Amino acid sequence: AQKVTQAQTEISVVEKEDVTLDCVYETRDTTYYLFWYKQPPSGELVFLIRRNSFDEQNEISGRYSWNFQKSTSSFNFTITASQVVDSAVYFCALTKKTGNTGKLIFGQGTTLQVKP
Amino acid sequence: NAGVTQTPKFQVLKTGQSMTLQCAQDMNHEYMSWYRQDPGMGLRLIHYSVGAGITDQGEVPNGYNVSRSTTEDFPLRLLSAAPSQTSVYFCASRRTGTEGNTIYFGEGSWLTVV
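First to last, the sequence lines map onto chains A and B.
Residue 39 in the numbering used here sits at position 39 of the first sequence, with consecutive numbering throughout.
Just add 1000 to the spot in the second sequence (first one is 1) and you have the numbering used here.
Extracted from the complex, chain A is given alone in its bound form (with noise of 0.2 Å):
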């Protein structure tokens, strides 16, 4: 079965703070996405970044950074010098690579807080 956990439910931080999101996953499949989605206060479901199984490579995009070990099945995201308009919730998601349905798996999600 697969499974997406995010353990940390809410953070806060002050801004610039460097802040870094986790995220676990379980999965039976050796060919798989990873996605991380931001849902701003506004409520939409924002695409960040997607990775293959395939790709270890770590990723930075910007203020945003992405770790991706497949040793430990986690795929973690960093923010650097956090904003006060980073808050939002943060949701990591998996998905099969072949036989796909256009089914996500999503974690519980990971709000968070910067304050100024």
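Hints were generated in silico from the structure; no laboratory data involved.
Predicted model only: the values in this text are computed from it and were never measured.
Backbone N, C-alpha and C define an ideal beta-carbon position, used for all residues, glycine too.
Mixed in with the good hints, there may be bad ones.
Stated by the list, open to error - Derived coverage of chain A by chain B (criterion: at least 3 residues anywhere in the stretch with Cβ under 8 Å from a Cβ of chain B; other residues may be distant):
# : region
1 : 44 to 53
2 : 103 to 113
Said to hold, decoys possible - Calculated Cβ distances over 10 Å to all of chain B for the following chain A residues:
#  : residue
3  : Thr9
4  : Glu17
5  : Asp18
6  : Val24
7  : Glu26
8  : Arg28
9  : Ile60
10 : Asn67
11 : Ser71
12 : Thr72
13 : Ser73
14 : Asn76
15 : Ile79
16 : Val85
17 : Thr95
18 : Pro116
Unchecked claim - Away from chain B, derived, C-beta distances all over 10 Å, residues of chain A:
#  : residue
19 : Lys16
20 : Val19
21 : Tyr25
22 : Glu59
23 : Tyr64
24 : Lys70
25 : Gln83
26 : Ala93
Position chain B against the provided structure of chain A, taking the given hints into account.
Coordinates of chain B only, in the frame set by chain A:
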């Protein structure tokens, strides 16, 4: 770019009423799906479709019906609304090819059943 469009954005229903949440995408995506979001539970799959005329159940299908008569549209029907269906509903779509399995979501529909 319209992407995935959901209507209505907000709806209040009385128990036992029926309604349809509309979803349309203009990206020619083969796959479409409906999720519901509840506090502390992330998003859970209700129904999905791999193409026009083909639908299947997800994790939490009870109380919901879907159909897929065209590639663009994937409505979600609540036949007899119950308070347990109070939730935020997201329609999503994806295509294969260079984007792989990235799934794009609509803006959400907030449904309250009283």
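A quick look at each hint next to the structure:
1. Proximity of the region 44 to 53 of chain A to chain B, defined as three or more residues with a beta carbon under 8 Å from a beta carbon of that chain, is established by the 5 residues found.
2. For the region 103 to 113 of chain A, the stated coverage by chain B holds: 6 residues have a C-beta nearer than 8 Å to a C-beta of that chain, and at least 3 were required.
3. Look at Thr9 (chain A): its CB is around 8 Å from the nearest CB on chain B, not clear of 10 Å, so calling it non-interface is violated.
4. The Cβ of Glu17 (chain A) sits about 25 Å from the closest Cβ of chain B, beyond the 10 Å cut-off, so the non-interface label holds.
5. No Cβ of chain B approaches the Cβ of Asp18 (chain A) within 10 Å, the least distance being about 25 Å, so the stated non-interface status holds.
6. Against chain B, the non-interface label of Val24 (chain A) holds: every CB pair exceeds 10 Å, the least being about 14 Å.
7. With a minimum CB-CB distance of about 14 Å to chain B, Glu26 (chain A) clears the 10 Å threshold, and the non-interface call stands.
8. Annotated as non-interface, Arg28 (chain A) keeps its C-beta farther than 10 Å from every C-beta of chain B; the closest such distance is 17 Å.
9. With 10 Å as the threshold on Cβ separation, the claim that Ile60 (chain A) sits away from chain B holds: the shortest Cβ distance comes to roughly 19 Å.
10. In this structure Asn67 (chain A) is separated from chain B by more than 10 Å, as the shortest Cβ-Cβ distance comes to about 20 Å.
11. Every CB of chain B is more than 10 Å from the CB of Ser71 (chain A) (nearest about 23 Å), matching its label as outside the interface.
12. Against chain B, the non-interface label of Thr72 (chain A) holds: every CB pair exceeds 10 Å, the least being about 21 Å.
13. Non-interface call for Ser73 (chain A) relative to chain B: holds, since the shortest CB-CB distance, roughly 17 Å, exceeds 10 Å.
14. Separation of Asn76 (chain A) from chain B is adequate, the least Cβ-Cβ distance of about 17 Å exceeding the 10 Å criterion.
15. Listed as a non-interface residue, Ile79 (chain A) keeps its Cβ farther than 10 Å from every Cβ of chain B; the least gap is roughly 20 Å.
16. With 10 Å as the threshold on Cβ separation, the claim that Val85 (chain A) sits away from chain B holds: the shortest Cβ distance comes to roughly 18 Å.
17. With a closest Cβ-Cβ approach of about 5 Å to chain B, Thr95 (chain A) is found to fall inside the 10 Å limit, against its non-interface label.
18. Annotated as non-interface, Pro116 (chain A) keeps its C-beta farther than 10 Å from every C-beta of chain B; the closest such distance is 26 Å.
19. Interface exclusion of Lys16 (chain A) from chain B stands, the closest Cβ pair being 29 Å apart, more than 10 Å.
20. No beta-carbon of chain B is positioned within 10 Å of the beta-carbon of Val19 (chain A); the least distance is around 20 Å.
21. Listed as a non-interface residue, Tyr25 (chain A) keeps its Cβ farther than 10 Å from every Cβ of chain B; the least gap is roughly 13 Å.
22. Every C-beta of chain B lies more than 10 Å from that of Glu59 (chain A), the closest at about 14 Å, which supports listing it as non-interface.
23. For Tyr64 (chain A), the non-interface assignment is confirmed: its Cβ lies about 16 Å from the closest Cβ of chain B, beyond the 10 Å cut-off.
24. At the 10 Å boundary, the C-beta of Lys70 (chain A) stays outside the reach of chain B, the nearest C-beta of that chain being 18 Å off.
25. Residue placement check: Gln83 (chain A) keeps its beta carbon more than 10 Å from all beta carbons of chain B (closest about 23 Å).
26. For Ala93 (chain A), the condition that its CB be more than 10 Å from all CB atoms of chain B is violated, with the nearest at approximately 8 Å.
Taken one by one, the earlier hints fail for this structure at numbers 3, 17 and 26, listed in ascending order.
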